[in-house]
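Now for the letters of each chain:
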Amino acid sequence: MAMIEEMPKAVMSPKEVIARRVAREIREGQLVNLGIGLPSMVANFLPPTVHVFFQAENGVIGLGARPPEGMEDPNLTDAGGGFVTAVPGAASIDSAMSFGLIRGGHLDMTVLGGLQVDERGYLANWMVPGKMVPGMGGAMDLVAGAKSVIVAMVHSAKGTAKIVPECTLPLTAVRRITLIVTELAVIEPTDEGLLLRERGPGVSIEEILAATGAKLIVPENVPEMELM
Amino acid sequence: MAMIEEMPKAVMSPKEVIARRVAREIREGQLVNLGIGLPSMVANFLPPTVHVFFQAENGVIGLGARPPEGMEDPNLTDAGGGFVTAVPGAASIDSAMSFGLIRGGHLDMTVLGGLQVDERGYLANWMVPGKMVPGMGGAMDLVAGAKSVIVAMVHSAKGTAKIVPECTLPLTAVRRITLIVTELAVIEPTDEGLLLRERGPGVSIEEILAATGAKLIVPENVPEMELM
Amino acid sequence: MKKAISPAAAAELIPEGATLLIGGFMAVGSPIRMIDALVARKIGNLTVVANDTAMPGKGIGKLISAGLVRRVVASHIGLNPETQAKMISGEVEVELVPQGTLVERIRAGGVGLGGILTATGIGTLVAEGKQIVEVDGRPYILEKPIRGDFALVNAQQADYLGNLEYSLTAHNFNPIMALAADTVIAEPHHIVPIGVIPPDGVKTPGVVVDYLLERAA
Amino acid sequence: MKKAISPAAAAELIPEGATLLIGGFMAVGSPIRMIDALVARKIGNLTVVANDTAMPGKGIGKLISAGLVRRVVASHIGLNPETQAKMISGEVEVELVPQGTLVERIRAGGVGLGGILTATGIGTLVAEGKQIVEVDGRPYILEKPIRGDFALVNAQQADYLGNLEYSLTAHNFNPIMALAADTVIAEPHHIVPIGVIPPDGVKTPGVVVDYLLERAA
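Chains as they are written, first to last, in my numbering: chain Z, 1 to 228; chain C, 1 to 228; chain A, 1 to 217; chain S, 1 to 217.
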């Protein structure tokens, strides 16, 4: 959607590394839902040659960038409530259709934030009991229904591992998610466990293992991730 | 919808008696579904001061009369496939919305034909095993969901009673219908059984009892029906 | 023809303790004037079914701030710290429902289904205490229908018959809620003559709408 | 951008024995050119899910007459004596489903629900052999979702992205079926540039449509 900005890797924030890596997973013509926060950054790093449809679960297929100053429409926002545009050929959908598409397997990919992911590939991302109970919003439907679920999150939270043997926070779904993308690693949950696929830019395998609370399967060759 | 045609009662066909009597049940502003055949005749006898919305379950609220010659639209038909019009303020609905309205209790009245009605007030109108298996179409949803179900039918079929102790044909629903209107009588199914409410024009109670296979509760005063 | 009534008159229809289905997503597509009238009337003990409680001072958030709500059924309250605080203090009871399940439960209430069978929430807190129904070997949660005493919906445009059109992301829960309440009050931005909205443009047929709020002053 | 393909090319996509969801109500809103192409290709052993089988020589009736259909799931076959005769002779297996249940089962298949719970058919032949689920003391039939290998839908207008609009009573099963098949082939009367159909006018988002039939010659 936006132009690729060429930046020296050294100045990239962890979130930018994650967003640029996730952008490489998106394929031409897909229907993609980006969660609010970090996941929404992914749209900025898609090459202009890749045309995808972004769904905002609050009611539009064909979500576009921020509108020009003074042209915001109070009836057109994303799931975070921020003003957006609609691309030519966009479709308005009500919430029943929106979640019908999600639950019915029509959504190719969702990119969500995470609080914990465990060795089974299960995600917890909607509450911290007694502390933060925002509600699951659309997250449970997205994880249960999307063809592909990518968890985009910083690798650990203030020194506490977020990739853990078994989630201690309430689960979002018992479905094994597709891929974990952090600033340190790309990890794929498999039948055998969590498989380390790629290293972050300049990151060693030792650094990844030290920041990870779960067991990782480490193949002989773990290439450095390529960024969009 | 149409003008009331003043006709001498003597020349009225049984079907016209039925249609004119059913028309009296319809109230201003109601959403009404008329089955194909006899029930569809009811629309012709509504006084022009009564405004109702007719639903065609195939997809329109606000069904109107036949279109002028040469102005028929192949995309606008009733449930029998005949060309119709749409009144100003009509709404197109897909089949899920159409039956959502029916099953969800939004339909004030349905008028349907019948093969048999029994002392419980149960209707059979969708098949004669081994002989006629057209399918139930929308009838089961209509009988299960409409607020008021009126069965409009000739009193007996070639000498065979259609109002029977217990339906021998497969039921359309186990819901007690609201009213039976025939050319001979208006009958209301109640907790106590079938209550004879009105006599047809010039029809005696004896004639009604002779043509009815079921037990009728006959109150002291059974007035002659008034027709629209 | 519908009756156009003032927000105050509409609020008078609603008794203490009523269950309200209220359209909107983070106050986008919410019936704002209707909400203000409820706050002015101070009818309390309400149950509010809505996607979210917006933010303090915005949309449904105003009902929360005013202390008129006893129970909330929503998918998300994360952007309204007042709702969260009142939930923790016990002042407001909150039932959190996955968004797709919430809208589909309301639809089931509106279209006369006995409930919905969804895989969303299987194996999570959401499934606790609920009946699990197996269909062809796969488990689904049986989630019950939701209906309201009143649906308060926002629309872009209504005609005199109450046929409704919605705009962009202001659709959200509105067309579904308009099917699922005993009394439906619509707050349109514009009211236009019959025929201005063509049949194919109608998203909510006027036959399900009971009242229109009169035009804004 | 969708690919516009000829009816013959679209028919080539469909193998012997496929399950087809076909839009239309008594041939109104049916994909007529697509049906003709199937008849020309003579692929048999089909399962057809549709409201009805129209009349001999019209719409879906042509598939029945051509002997290409092994199984029909429909609410009504009363106006097609050929379907009834073939049902009695055993050539065609017919499953009769109440119309509201049929469309809702297809919707369930399209929107990922495990089935539907309906009171329609309780106490009748339709309930036989089916699971009854009680919700708050009331019995409902559990009816299973229906999906197709292909959905063949008719639309009034498509844009180049496959966004679809329908007209009047030609909506019927089309928008629901477009959600419930692995491959969706749309037969629009008109194909227009992107932007001609405004977002609020789209009834079927192009993202669920796989192919558009090219304009009629």
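These aren't lab readings, by the way, just hints derived from the structure by calculation. The beta-carbon is built from N, C-alpha and C at its ideal position, and this holds for glycine as well. It cannot be assumed that every hint is accurate.
Okay, derived cross-link-like pairs now, DSSO-like style, lysine-lysine, Cα gap no bigger than 30 Å in a straight line [as the list claims (entries may be wrong)]: (1) Lys147/C with Lys144/A; (2) Lys15/C with Lys131/C; (3) Lys144/A with Lys130/S; (4) Lys131/C with Lys58/S; (5) Lys144/A with Lys147/Z; (6) Lys42/A with Lys3/A; (7) Lys147/Z with Lys58/S; (8) Lys144/A with Lys131/Z; (9) Lys147/C with Lys130/S; (10) Lys42/A with Lys2/A; (11) Lys3/S with Lys42/S; (12) Lys2/A with Lys131/Z; (13) Lys15/Z with Lys147/Z; (14) Lys3/A with Lys147/C; (15) Lys131/C with Lys2/S; (16) Lys42/S with Lys58/S; (17) Lys147/Z with Lys130/A; (18) Lys130/A with Lys58/A; (19) Lys42/A with Lys130/A; (20) Lys130/S with Lys144/S.
Sample of chain Z residues lacking proximity to chain A, with all beta carbon distances greater than 12 Å (derived) [stated by the list, open to error]: (21) Val11; (22) Glu16; (23) Ala65; (24) Glu69; (25) Gly70; (26) Asp94; (27) Ser95; (28) Met132; (29) Val133; (30) Pro170; (31) Val174; (32) Asp191; (33) Gly193; (34) Val203; (35) Lys215.
Residues from chain A shown here face chain Z by an in silico Cβ test under 7 Å; the list is partial [claimed, not checked]: (36) Pro15; (37) Ala18; (38) Thr19; (39) Ile77; (40) Thr120.
Exercise for the section: Tell me, in ascending order, the numbers of any earlier hints that this structure violates. Expected result: As far as the earlier hints go, 7, 12, 15, 18, 19, 26, 27, 28, 29, 30, 31, 36, 37 and 38 are violated by this structure, in ascending order.
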